[in-house]
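Novice: In case you want the letters, here they are:
Protein chains: 2
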Amino acid sequence: MKLVLATSNSGKVREIRELCSEFEVVPYSQIVSAFEIEESGTTFKENALLKARAVFEALGDESAVVLADDSGISVDALGGEPSIYSARYAGVGASDRDNLQKVVDELKKLSLSGSKAHYTAAIAIVTRQMEYVVHGWMYGEVTTTPRGDGGFGYDPIFVPDGFSKTLGELDSDTKREISHRSKALKLAKVVLKTL
Amino acid sequence: MKLVLATSNSGKVREIRELCSEFEVVPYSQIVSAFEIEESGTTFKENALLKARAVFEALGDESAVVLADDSGISVDALGGEPSIYSARYAGVGASDRDNLQKVVDELKKLSLSGSKAHYTAAIAIVTRQMEYVVHGWMYGEVTTTPRGDGGFGYDPIFVPDGFSKTLGELDSDTKREISHRSKALKLAKVVLKTL
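Chains as they are written, first to last, in our numbering: chain A, 1 to 195; chain B, 1 to 195.
I should point out that these hints are in silico values taken from the structure, not numbers from a laboratory.
Among the clues, some could well be false.
Note: identical chains are not told apart, hence a pair may lie in one copy or across any two.
[Claimed, not checked] Derived SDA-like pairs (lysine to any residue); straight-line CA-CA distance at most 25 angstroms:
hint, residue 1, residue 2
1, K183, P82
2, K186, S33
3, K189, Q129
4, K116, S63
5, K183, D61
6, K2, K189
7, K109, D61
8, K102, L112
9, K189, Y139
10, K193, S113
11, K102, T127
12, K183, S83
13, K116, E62
14, K116, R128
15, K183, E62
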């Protein structure tokens, strides 16, 4: 079965492809021209659904199966920020490094070297017959000292509970096992298999 | 597992209880005071989600599992009406018989004794971790001569494809097998079993 991803983010495409190897995973921009998907929701869940619905409509294919991911990190000491603004915390078009650096800077302003934090992933699936959106969470801490080159986003400053390495240092097999995205995808796959 | 229904409609409660015998099915009004749930959506899907979310919020219980159903009949010769207005086609507070009679009257105005039609059911499930909404359809014809006392809603005028009896005449085992609601619930149960 072909699973169309409502993202062009290469990090997400790679992770989802690894986690959904039983499906043919295709970014939507390989089928229709990429377009701006407004993430106007107030929650991960709403944004994931908005993206999946927008791509489903754009494809104009009643048999399409579209998967969207909206995810981000919530840092306790920053009142839960950057949350749904994780991809644009340092401004629209900011790089992963800029966003990560802003978290580090904000923590340092508070004279903190770390804080409890968690990642949330909302995975939405949209077909003609159904809509499904499910959350996965990963709890841990952020540190103000980035370490490791693996992963993407905030991975170099996130240390999952039970580990001493950051997600940027952990091997991808371990990350696949514990990540918010893989937890959500595991449930999503139950639904995908009913199609 | 306890499954809270976002409905007080006794016909729906009975059907869902029969179709979900592996769960403890409880109408929400047995847990909190019944309240008006505004069905302001423009689709069955939206209304089912609105109802399930409203009840989930009202319960204030993070571990709750809420199921809502929004369903109705679409009559081809009436331009797809009454659709999401099936429960209030003859006006707010109208009885099943009033609504059914209005479909019959509208068809007669067009000098028709029947029309192709289909039932749609949207079943929504809401928990803290996920939202799921799935459709089931049943195709057939409506007739202007009501027959049978079984079922509820428009069942006495709906003849499913492949049958000569109306849903009001068919036994409940047969209805359970072919109904829009049971098709949607079958998929919903796949998701409920992941909880």
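Novice: Compare the structure with each hint and give your call.
Specialist: Here is what the structure says about each hint:
{"no.": "1", "hint": "K183 to P82", "verdict": "within (21 angstroms within a copy, 41 angstroms between copies)"}
{"no.": "2", "hint": "K186 to S33", "verdict": "neither (29 angstroms within a copy, 36 angstroms between copies)"}
{"no.": "3", "hint": "K189 to Q129", "verdict": "both (16 angstroms within a copy, 15 angstroms between copies)"}
{"no.": "4", "hint": "K116 to S63", "verdict": "between (43 angstroms within a copy, 24 angstroms between copies)"}
{"no.": "5", "hint": "K183 to D61", "verdict": "between (29 angstroms within a copy, 22 angstroms between copies)"}
{"no.": "6", "hint": "K2 to K189", "verdict": "both (13 angstroms within a copy, 24 angstroms between copies)"}
{"no.": "7", "hint": "K109 to D61", "verdict": "neither (50 angstroms within a copy, 37 angstroms between copies)"}
{"no.": "8", "hint": "K102 to L112", "verdict": "within (13 angstroms within a copy, 68 angstroms between copies)"}
{"no.": "9", "hint": "K189 to Y139", "verdict": "within (22 angstroms within a copy, 29 angstroms between copies)"}
{"no.": "10", "hint": "K193 to S113", "verdict": "neither (44 angstroms within a copy, 42 angstroms between copies)"}
{"no.": "11", "hint": "K102 to T127", "verdict": "neither (38 angstroms within a copy, 33 angstroms between copies)"}
{"no.": "12", "hint": "K183 to S83", "verdict": "within (18 angstroms within a copy, 37 angstroms between copies)"}
{"no.": "13", "hint": "K116 to E62", "verdict": "between (43 angstroms within a copy, 22 angstroms between copies)"}
{"no.": "14", "hint": "K116 to R128", "verdict": "between (40 angstroms within a copy, 21 angstroms between copies)"}
{"no.": "15", "hint": "K183 to E62", "verdict": "between (28 angstroms within a copy, 19 angstroms between copies)"}
In terms of the numbered hints stated before, the structure departs from hints 2, 7, 10, 11, listed from lowest to highest.
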